[in-house]
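Engineer: Letter by letter, the chains look like this.
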Amino acid sequence: MTVLRNILIRLLTTAVTLFGVAVIVFVVIRVVPGNPIAMMLPPGATDADIAQLQAQYGFDKSIFQQFIIWLGGVMQGDFGQSISLRQPVANLVLGRLPATLELSIMALVMAMLMGGAMALLGTRYRDSKTEAAVDVSAGMALSIPDFLWGLVLILLFGVLWPVFHISGRISPSLNIDFSTNFYLFESLIRLRFDVWADLVAHMFMPALALAIPLAAIIAQLLKQSLKETMHLDYVTLARTKGYGENHVITREALPNAILPTLTLVGVQFTFLIGGTVIIERLFSYEGLGNMAIDAVINRDLPLIQGIVILFALLFTVVNLVVDMLYVVLNPRLRHA
Amino acid sequence: MRDARGGEKRPIGMRLWLSGGWLTVLVLAALCAPLIAPKDPLMQDLFLGRLPPFWMDGSEPGYFLGTDSLGRDVLSRILYGARLALIVAVIAGSLTCIVGATLGLVAGFYRGWADRIISRFVDIWMAFPPVLFAILLIAVLGPGLTSIIIAIVVIDWTRFARVIRAEAMSQSAMDYVASAQVAGRTRFGTMMTEILPNVLPTIVALLTLEMGIAVIVEAILSFVNLSISTDSPTWGGMISEGRTSVHQAWWVLVFPLITLFLTVLSFSQLGEGLKDRFDPVLR
Chain G
123 MTVLRNILIR LLTTAVTLFG VAVIVFVVIR VVPGNPIAMM LPPGATDADI
173 AQLQAQYGFD KSIFQQFIIW LGGVMQGDFG QSISLRQPVA NLVLGRLPAT
223 LELSIMALVM AMLMGGAMAL LGTRYRDSKT EAAVDVSAGM ALSIPDFLWG
273 LVLILLFGVL WPVFHISGRI SPSLNIDFST NFYLFESLIR LRFDVWADLV
323 AHMFMPALAL AIPLAAIIAQ LLKQSLKETM HLDYVTLART KGYGENHVIT
373 REALPNAILP TLTLVGVQFT FLIGGTVIIE RLFSYEGLGN MAIDAVINRD
423 LPLIQGIVIL FALLFTVVNL VVDMLYVVLN PRLRHA
Chain H
2 MRDARGGEKR PIGMRLWLSG GWLTVLVLAA LCAPLIAPKD PLMQDLFLGR
52 LPPFWMDGSE PGYFLGTDSL GRDVLSRILY GARLALIVAV IAGSLTCIVG
102 ATLGLVAGFY RGWADRIISR FVDIWMAFPP VLFAILLIAV LGPGLTSIII
152 AIVVIDWTRF ARVIRAEAMS QSAMDYVASA QVAGRTRFGT MMTEILPNVL
202 PTIVALLTLE MGIAVIVEAI LSFVNLSIST DSPTWGGMIS EGRTSVHQAW
252 WVLVFPLITL FLTVLSFSQL GEGLKDRFDP VLR
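Protein sequence lines correspond, in order, to chains G and H.
Heads up: the first sequence begins at 123 in our numbering, then just goes up one per residue.
Heads up: the second sequence begins at 2 in our numbering, then just goes up one per residue.
One chain only, chain G, in its complex shape (with noise of 0.2 Å):
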């Protein structure tokens, strides 16, 4: 029942923060200066065209009436009209979201091995240099956010040493007629490996700039949880038993320190979704993060109405999956 419970209050609690941002972006965003209804229309309009396409948006009503309206549509699924991309809102964001979510997760990956394999070797050979430079490479990558990483790293392997794309998602010659916008995961099941290996080539940078400081601190917590475990009875009467070291870190320490790495990488993670903003920005792939920039410089209300909810869901989602995967992976919780 308590199990029951604590979802049900974090439904609830999710719930009111996504209110919350709703409530903050509408309001912020409608005190923007500058009218988008008249960069619509073409020099010359008269001021009745302006009303009646104003009108037409709603932004005659008052700022509470808007959001009323707004509200009783995102109930519907509609998240109203694009102004300046004149599609509705739903199916342009709904057609970048895959973009963004291959990034991440193609990043999410990157730096859990990143971060693991730094882990292991520093607690594979402790209290010696390869330790030592461990945790002075990870302290290094975690000072430097993803946006100076992203800029090193168009640098050196897309100016000096040319092995990745710098932008773009895909070569133009190699688009296929993709019929999702999960690209990556569509072109390994149509077995198209060619597609599939430009489309790494494309996120690769991009990917590894927001992968760098998360790897940093997946390694620094997983090798600290990594050496309290160690000390551990059961991991020495392993070590009596005759096995090998590298069977003892991984087999018996690995999977009771992975837990508290795990909470972290959740929260960590909707930051790095957040960082695909200005990551993609930077090497101009075309997520969500890139169309929302676009969308701030062209005063486009309802785009980004849809844009920052989409995230702000995509983080409490992510939050939500994570405390479960904890419960799950957890045998002390389980029957709690």
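It should be emphasised that the hints constitute simulated quantities derived from the structure, not laboratory data.
Careful, some of the hints might be misleading.
Said to hold, decoys possible - These stretches of chain G come out as covered by chain H in the derived footprint (C-beta under 8 Å, 3 or more residues):
#: 1; segment: 399-410
#: 2; segment: 414-425
To be verified - Okay, derived cross-link-like pairs now, DSSO-like style, lysine-lysine, Cα gap no bigger than 30 Å in a straight line:
#: 3; chain 1: G; residue 1: K363; chain 2: G; residue 2: K349
#: 4; chain 1: H; residue 1: K276; chain 2: G; residue 2: K251
#: 5; chain 1: G; residue 1: K349; chain 2: H; residue 2: K276
#: 6; chain 1: G; residue 1: K363; chain 2: G; residue 2: K251
#: 7; chain 1: G; residue 1: K251; chain 2: G; residue 2: K349
Stated by the list, open to error - Covered stretches of chain G (in silico footprint by chain H; criterion: 3 or more residues with CB under 8 Å from a CB of chain H, positions within the stretch not fixed):
#: 8; segment: 132-145
#: 9; segment: 265-279
#: 10; segment: 386-396
#: 11; segment: 433-444
For glycine and all other residues, C-beta sits at the position ideal for the given N, C-alpha and C.
Dock chain H against chain G, hints included.
Structural biologist: Chain H only, in chain G's frame:
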């Protein structure tokens, strides 16, 4: 990362010296920019566009780090850009610290409804992608130095509030707080004289980190052309221009990037180093 063994003191000192040294150089450069900058940072000369740095063929004497596409001196622009970066770092960093730490302290020490309201706002803030939030705020407030500072404070106060709240909560559970209460100290008095001094090391460490973050936020906003006016030299603006012409003139991107990189690294290493210094367990 480090345990309490005394032998590992040395790298901490090293970090503090290096990062402190770089930041001192930067402060001096910013203060003396009009004296040491070889050129006017705004002076354009289309005949001298995209000159390479001094060691390459085709460079002109006087333009040590080359020029950008409009013929403006890269070195002078970096020096003048340091002024803006440091102003943003110090003012925005301190204001964010004051707002965030106060709210965190109140939430963590007083608990009750104040904590509930502040924590709810933190949750809402955490659901915003920070960069998008910053861009949105600048679009609303209009470009300019004040807007950038306001945007940084509005976005980043949660960083302080979350950490300081947790610290204040764990300090409140300590015996010395209870004894202060028993001795007849008021709640507010206890917060100011008992809790605050004990969370101060964390506040100082977070503050230096925040200064580095403020520099980055300014650079990001300049990068999407939403910072100060496009004329005044900013590192972010230079990087933005350098990114577009990276294949023709890499130096326009490289030198401001190195400066920004070292500055952000120094701020955060200084923060980490100070935290270790102040930490009574490690001392």
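Engineer: With reference to the structure, classify each hint as holding or not holding.
Structural biologist: Checked hints:
1. Check result for the segment 399-410 of chain G against chain H: holds, 4 residues qualifying (beta carbon to beta carbon below 8 Å, three or more required).
2. Counting residues of the segment 414-425 of chain G whose beta-carbon sits less than 8 Å from any beta-carbon of chain H gives 5, enough to reach three: the coverage restraint holds.
3. Proposed proximity of K363 of chain G and K349 of chain G is supported: the alpha carbons are some 20 Å apart, at most 30 Å.
4. Between K276 of chain H and K251 of chain G, the direct Cα distance comes to roughly 24 Å. Compliance with the 30 Å bound is thereby established for this hinted pair.
5. Of the pairs offered as hints, the one joining K349 of chain G and K276 of chain H holds, with about 22 Å between alpha carbons and a cut-off of 30 Å not exceeded.
6. Between K363 of chain G and K251 of chain G the CA atoms are separated by roughly 29 Å; this keeps the pair inside 30 Å, and the hint holds.
7. The suggested pairing of K251 of chain G with K349 of chain G holds, with an alpha-carbon distance near 17 Å, which does not exceed 30 Å.
8. For the segment 132-145 of chain G, the assignment as covered by chain H holds, since 6 residues bring a beta-carbon within under 8 Å of that chain's beta-carbons and 3 suffice.
9. Requiring three or more residues with a Cβ within less than 8 Å of a Cβ of chain H, the coverage given for the segment 265-279 of chain G holds, as 9 such residues are present.
10. Residue count for the segment 386-396 of chain G with a Cβ under 8 Å from a Cβ of chain H: 3. That meets the three needed, and the coverage hint holds.
11. Counting residues of the segment 433-444 of chain G whose C-beta sits closer than 8 Å to any C-beta of chain H gives 4, which meets the bar of three, so the coverage hint holds.
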